[in-house]
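K.L.:
Chains as they are written, first to last, in the UniProt record's numbering: chain A, 1 to 338; chain B, 1 to 294; chain C, 1 to 328.
Please keep in mind that the hints were generated in silico from the structure rather than gathered at the bench.
Just so it is clear, CB atoms sit at the ideal spot from N, CA and C, and this is done for glycine as well.
Okay, the calculated bits of chain B under chain A, using three or more residues with CB under 8 Å as the criterion:
hint, stretch
1, 128–138
2, 142–156
3, 258–265
4, 271–283
Below, a list of computed lysine to any residue pairs in the SDA-like style, where the Cα atoms sit at most 25 Å apart:
hint, chain 1, residue 1, chain 2, residue 2
5, C, Lys84, A, Val248
6, C, Lys91, A, Asp234
7, C, Lys37, C, Thr241
8, B, Lys36, C, Asn17
9, A, Lys31, B, Leu157
A short list of chain B residues far from chain A (calculated; beta carbon distances all over 10 Å):
hint, residue
10, Ala25
11, Lys36
12, Leu42
13, Thr51
14, Phe102
15, Ala110
16, Glu190
17, Ser199
18, Gly200
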Amino acid sequence: MLAYIARRLIAIPFLLLGVASVSFLLSQMTKGDPLAALVPERMMDNPEIVAAVKAQWGLDQPLPVRYGIYISNLLQGDLGTSFATRRPVAVDIAERLPATLELVFAAMIIGTIMGVGLGLLSARFRGSVFDGLARIFALIGSSLPIFWSGLILLYLLSVRVALVPGTGRLPPRVEPPPDVTGFYTVDALLAGDLDLFAQALAHLALPALVLGWAVSGVITRLVRSSLIEGLSQDYARTARAKGAPERVVLINHALRNALIPLLTILGFTFAYLITGAVLTEAIFAWPGIGSYAVRGAASLDYPAIGGVTIVGSIAFLLANLLTDIAYAWANPRIKVGG
Amino acid sequence: MTAAPDAAPGAVLPAPRRRPLVGLARAWRRLPPTAKVGAAILLFWVVVVLTIQLWPLADPLKMVGRRLQEPSAEFWLGTDALGRDVFARTLHGAVWSIPIAFVVVACAVAIGSALGAVAGFFGGWWDSIIMRLVDVTVSFPPILLAMAVAAMLGPGLLNASIAMIIVWWPIYARLMRAQVLEVREREHVEAAVAGGAPSGRILVVHVLPLCWTPTLINATMDFGQVVLLAASLSFIGLGATPPSPEWGSMISEGATRFYNWWIAFGPGMAILSVVLASSFLGDGLRDLFDRRSA
Amino acid sequence: MSAPLLDIADLRVSFRNDRGEEAEALRGVDLTLEPGKVLGVVGESGSGKSVAMMAFLQLLPPTARISGSARFKGEQLVGMSPSKIRRIRGKAVGCIFQDPLSAFNPVITLGDQIIEAIRLHDRSITRRAALKEAERLFELVAIPQPARRVRQHPHEFSGGMRQRAMIAMALANSPDLLIADEPTTALDVTVQAQILDLLGDLRKELGIGLILITHDLGVVAGMADDIAVMYGGRVVETGPTDPIFYETAHPYTAGLIDAVPTLDADGPLRQIEGTPPSIFSRPPGCSFHPRCGRAQAICMTEDPPLRRLGAGRCACHFPVRTPQEAPA
Ligand SMILES: Nc1ncnc2c1ncn2[C@@H]1O[C@H](COP(=O)(O)OP(=O)(O)OP(=O)(O)O)[C@@H](O)[C@H]1O
Ligand SMILES: [Mg+2]
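Construct the complete structure from the given sequences, taking the supplied hints into account.
P.N.:
Right, here's the structure in full:
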């Protein structure tokens, strides 16, 4: 297993190179003119800008040279300049990444708690009405178009009953806490500002719930089926023969074994989370890289989309690697076996 | 163990189905009820697509009432910001979503399966090149890859479809490769190889016919996911463009006026129904085939 | 005569399948075990040995319906409430299962699994004390380096060591009754003898009653005080060990004895022809008749009751032992 992880680690730079190459090819395809991917349409008749960009990205050079320049720019963290904000895409992304991470982490926590909790209850009361309801709830969560459920819930909970505030990370004209982690909830706590914390949390709650619900579906299904399988295993019978009540068999034995498959799908869930985050951010005007990409897509801001795609892929690859490591760590049969 | 002579390994070959309809009817009866519901919902949408001209519906592109009316007896799902009938638009939306999903899944299956089969059957360089391409493609979060491709190619349904095919083909390449690798080892294939048949022929005649089950199950499940991603791309503005009653772009219109919740309600439910239906049916098919192989 | 430790009478179990059909796996089983004695339960696969044990401990899945009587130290176990029977399982009755690899939880250390067994019945014992106790138990079953081994996971043990650990866990709360369900079937032949010796020594030393389930008569021959032979969900012959071997009454038992490998026998082992019936297609009459060389017309229609015969009891219309020996 350690060898497997090592192999995965070695593969990552190659996969990243592949990702960069695909991004390069895509940028070369834009409207048949690679310049279009770098210079906004309205600046095309400004010869100075065009010349500067051409020089920076080697557009006069043959394709292989351009590729080399593209990769070296990437390695220096140069993702181009956003058409919309006219700032380096890398700077924009760095500024917006914490918002996305805060949303994704919160959703991950909610999704895992919901998924494991519902999976546990539904395995414990298998075949009951409750089991049926939990499964339907999970299934709907993973089948709903998130840009729609977000919208409907926003309407119901924010407009109709005013349970949660509207969109964004904070109310308008409220200053964010001093930047430490970039997570408003954490930073507000660090600054000791409980009011601000409550506001940040209230704004985070609904988008994280919507996204967490979407993710919880997959987790509920997996946890339920692994638990039910675990309950019929020999070790569960042994536990019962020791005098363990069903609750203990479920939690100490079946659940502990279910953690291993659970970890293996977390990587998969992460893909789901990124997809969901992009759309959730769009609905909730959440200033993360997802809404940045969506805005970029709508305005054909190619550097912005390309930049988010590359950063998203890096995060995705890292998440999968973490999953592998966690899997090895949770499975005692692997540690020594090698 | 004493095996009857007709259970010899050569006889493992599936007998050609002479009466496919009978087989289909038998399979249908063994499907779990949820899968039947799923099949019925999908069938409903297919019928809607094929017969949309015959329905007594308002013109989905014309103003037919006052703007932003709540659902009523006249307008079951209300009217949108331009006074168009949301119910009629929702049904018309199927004409976009369903065929697109069908084409995307079909193309992804065709491309992915062909490449996967080649990779699995011929191995060597073919395998390395194709599977590295798969690895790189799945290193992108799906929606970001689709957005990047769709944006670079320019907005529009055709380009969105191409983007989705690019996102989905690797799944089928992996599935088909794994199947081919397994089937290749079976005796009748080895016999054909020993008999000196050309390898392309072996692949098409002896291997591929036994490899379709996982692909079929996955394609059924993915159908709903493709509808979902297509709607997402339209929602973002990379798929269908506004006047057309595509589900994603209808929701995006609703998003700007979410006080008028009914604008988005119909298309959302429509998407939900397709996604649920295809996962019900896919689950049912998997159970069916699992039980058969067990 | 002391009161029996376990007294099972007319125990019946039926299973419901997906289609709601019921099938009887156990059709009226009688077994008795005196305190500190060894009962060997023998029979081919599918004869209902495990189901009988799991039934009175209520360890069968909910699809099982149980009736009859099973008194443990005078207390009726059939129909006992789950919370009450939990206090007997693992406390007064210890279980050892066939495959020690799957019977242990793979992701928990063996020490923790034994600690759990102890603390489930006595919360007042600290984890630390329970761990000490686990080490002592490992020592008892002759696992070397107990302090290190309790920290290991099941996959780090060899098959024989795992079964020793299983025995240690079953002994954790000083039970009065040990049920060993084919404890050596999954092990190498050389290890089998060691495990059986260990089991025999320990239960003698600790004065525990033992039910030893096996399909190998040879295994119980040297160890059991009494033997019960099961076939098709019933006990077909039972009694003290020696008469079972030397005055065998039931043709099935005779077949099993012939199938025991002996050192001096040359030529191939004799197996009983045919296969045991499935619970869904049991033949009418005596369920052994299709495989029985002595079967006659009555065997196909009437199931023989378990009748007293010599020192034991036998369910057969035409027992191998001469009828004169049977007192009416
Ligand atoms: N949970 C169950 N559901 C349905 N039938 C069962 C179940 N458990 C056991 N049976 C049936 O009961 C019969 C007796 O099984 P049991 O496990 O007691 O046999 P055994 O004598 O222990 O055999 P083995 O030597 O294989 O352990 C078998 O025919 C089996 O198919
Ligand atoms: Mg058994």
